[in-house]
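Given these sequences and hints, build the entire structure.
Protein chains: 2
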Amino acid sequence: MSILGTMQVCQVGLVVHDIEKSLDAYCEVFGIPRPPVRITDEYELTRAVYRGQPTRGRAKLAFIDMGQVQIELIEPVGEPSTWKEALDEKGEGVHHIAFVIKDTDQVVKDLAQKDMPMVQQGHYTGGMYTYVDCVEKLGVTLELLENFKG
Amino acid sequence: MSILGTMQVCQVGLVVHDIEKSLDAYCEVFGIPRPPVRITDEYELTRAVYRGQPTRGRAKLAFIDMGQVQIELIEPVGEPSTWKEALDEKGEGVHHIAFVIKDTDQVVKDLAQKDMPMVQQGHYTGGMYTYVDCVEKLGVTLELLENFKG
Numbered sequence: 465m466s467i468l469g470t471m472q473v474c475q476v477g478l479v480v481h482d483i484e485k486s487l488d489a490y491c492e493v494f495g496i497p498r499p500p501v502r503i504t505d506e507y508e509l510t511r512a513v514y515r516g517q518p519t520r521g522r523a524k525l526a527f528i529d530m531g532q533v534q535i536e537l538i539e540p541v542g543e544p545s546t547w548k549e550a551l552d553e554k555g556e557g558v559h560h561i562a563f564v565i566k567d568t569d570q571v572v573k574d575l576a577q578k579d580m581p582m583v584q585q586g587h588y589t590g591g592m593y594t595y596v597d598c599v600e601k602l603g604v605t606l607e608l609l610e611n612f613k614g
Numbered sequence: 465m466s467i468l469g470t471m472q473v474c475q476v477g478l479v480v481h482d483i484e485k486s487l488d489a490y491c492e493v494f495g496i497p498r499p500p501v502r503i504t505d506e507y508e509l510t511r512a513v514y515r516g517q518p519t520r521g522r523a524k525l526a527f528i529d530m531g532q533v534q535i536e537l538i539e540p541v542g543e544p545s546t547w548k549e550a551l552d553e554k555g556e557g558v559h560h561i562a563f564v565i566k567d568t569d570q571v572v573k574d575l576a577q578k579d580m581p582m583v584q585q586g587h588y589t590g591g592m593y594t595y596v597d598c599v600e601k602l603g604v605t606l607e608l609l610e611n612f613k614g
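In order, the protein sequence lines correspond to chains A and B.
So in this note's numbering, spot 126 of the first sequence is number 590, and the numbers just go up one at a time.
So in this note's numbering, spot 108 of the second sequence is number 572, and the numbers just go up one at a time.
Hints in this document: simulated from the structure, not taken from any laboratory.
Virtual Cβ for every residue (Gly too), placed ideally from N, Cα, C.
Worth double-checking, as some hints may not be accurate.
[Stated by the list, open to error] Listed next, the stretches of chain B that the computed footprint assigns to chain A, with coverage defined by at least 3 CB atoms under 8 Å from CB atoms of chain A:
| no. | region |
| --- | --- |
| 1 | 465-477 |
| 2 | 483-493 |
| 3 | 502-512 |
| 4 | 557-568 |
| 5 | 583-596 |
[Said to hold, decoys possible] Below, a list of computed lysine-lysine pairs in the DSS-like style, where the Cα atoms sit at most 30 Å apart:
| no. | chain 1 | residue 1 | chain 2 | residue 2 |
| --- | --- | --- | --- | --- |
| 6 | B | K566 | B | K613 |
| 7 | A | K554 | B | K613 |
| 8 | B | K485 | A | K554 |
| 9 | B | K485 | A | K566 |
| 10 | A | K524 | B | K613 |
[To be verified] Just the calculated beta-carbon pair ranges, DEER-fashion:
| no. | chain 1 | residue 1 | chain 2 | residue 2 | range |
| --- | --- | --- | --- | --- | --- |
| 11 | A | M465 | B | G516 | 46 to 54 Å |
| 12 | A | K613 | B | Q534 | 25 to 33 Å |
| 13 | B | F612 | A | I496 | 23 to 31 Å |
| 14 | B | G495 | A | N611 | 21 to 29 Å |
| 15 | B | R511 | A | V541 | 40 to 48 Å |
| 16 | B | V564 | A | V564 | 21 to 29 Å |
Set out below in structure tokens:
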């Protein structure tokens with residue numbers, strides 16, 4: 465059984481230096497209207513934790529729907545984050561593949577037991593995200609998205 | 465209109481150092497039966513061209529079905545290839561996202577005009593693949609898959 469409770473990749477996330485420039489290129493190649501760019505919430509709302517420490521690291525985000533899979537463009541802003549770390553270390557490229565899951569605590573625990581540690585976690589309106597460092601095992605970071613009910 | 469004639473990502477391809485070890489991890493995390501590992505055909509069949517030169521570069525491949533999207537694991541073997549280049553330069557990680565397209569020559573021409581040059585092309589039984597270097601523009605290499613009819 466899948467530790468994540470799902471096999472369905474819902475998103476491929478890329479870190480980029482200049483989200484407006486990257487969006488230009490995506491819109492040109494795929495002939496799509498320009499999606500809006502938004503910035504992640506401030507720490508008071510996200511309560512973001514990066515490598516065990518609270519972080520004010522933020523990011524500009526844009527989402528491009530490509531059928532089942534969404535492309536997420538991420539331009540890191542400010543303080544440390546998994547996004548900034550990836551961009552600094554490897555340059556532009558795919559940072560994560562994402563899955564919608566149900567029980568973040570259990571999944572994080574199960575992955576940690578297999579040497580895949582949580583690297584960043586935070587909240588957004590209606591849910592929470594968790595990045596798990598699976599680069600050594602799976603070649604890519606996993607993002608776990610849990611949307612709260614009600 | 466999409467230059468590719470499609471928006472649907474069909475595959476996310478990762479380069480890895482040891483495909484058997486990576487497969488172990490994927491099977492463990494996603495609770496799936498182990499897919500077979502095969503090796504790309506020899507040059508006499510693939511007629512592979514890498515950066516304008518014929519190449520005997522090959523790769524071990526494994527495919528994992530994740531709903532609409534397939535994860536492709538790629539372990540480069542031997543001579544130069546886009547796979548080996550990516551692994552040498554950036555380490556393990558996502559190499560490409562793939563799309564099934566219809567007219568490779570036209571799409572390659574249209575992308576080249578927008579400064580996204582073809583980097584590798586080759587044949588497999590029933591079709592051909594083309595990698596286009598879109599790293600600078602889109603943050604990732606695109607793979608164009610064209611399956612021949614009949």
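Hints, one by one, checked against the model:
1. 465-477: holds (count 8)
2. 483-493: holds (count 5)
3. 502-512: violated (count 0)
4. 557-568: holds (count 3)
5. 583-596: violated (count 0)
6. B/K566 with B/K613: holds (10 Å)
7. A/K554 with B/K613: violated (40 Å)
8. B/K485 with A/K554: Holds: B/K485 and A/K554 sit about 22 Å apart, inside 30 Å.
9. B/K485 with A/K566: At roughly 28 Å apart (the allowed maximum being 30 Å), A/K566 and B/K485 satisfy the hint.
10. A/K524 with B/K613: Outside the cut-off at roughly 43 Å; violated.
11. A/M465 with B/G516: 46 to 54 Å: Given range 46 to 54 Å: holds, Cβ gap about 47 Å.
12. A/K613 with B/Q534: 25 to 33 Å: holds (31 Å)
13. B/F612 with A/I496: 23 to 31 Å: holds (29 Å)
14. B/G495 with A/N611: 21 to 29 Å: holds (23 Å)
15. B/R511 with A/V541: 40 to 48 Å: holds (46 Å)
16. B/V564 with A/V564: 21 to 29 Å: holds (25 Å)
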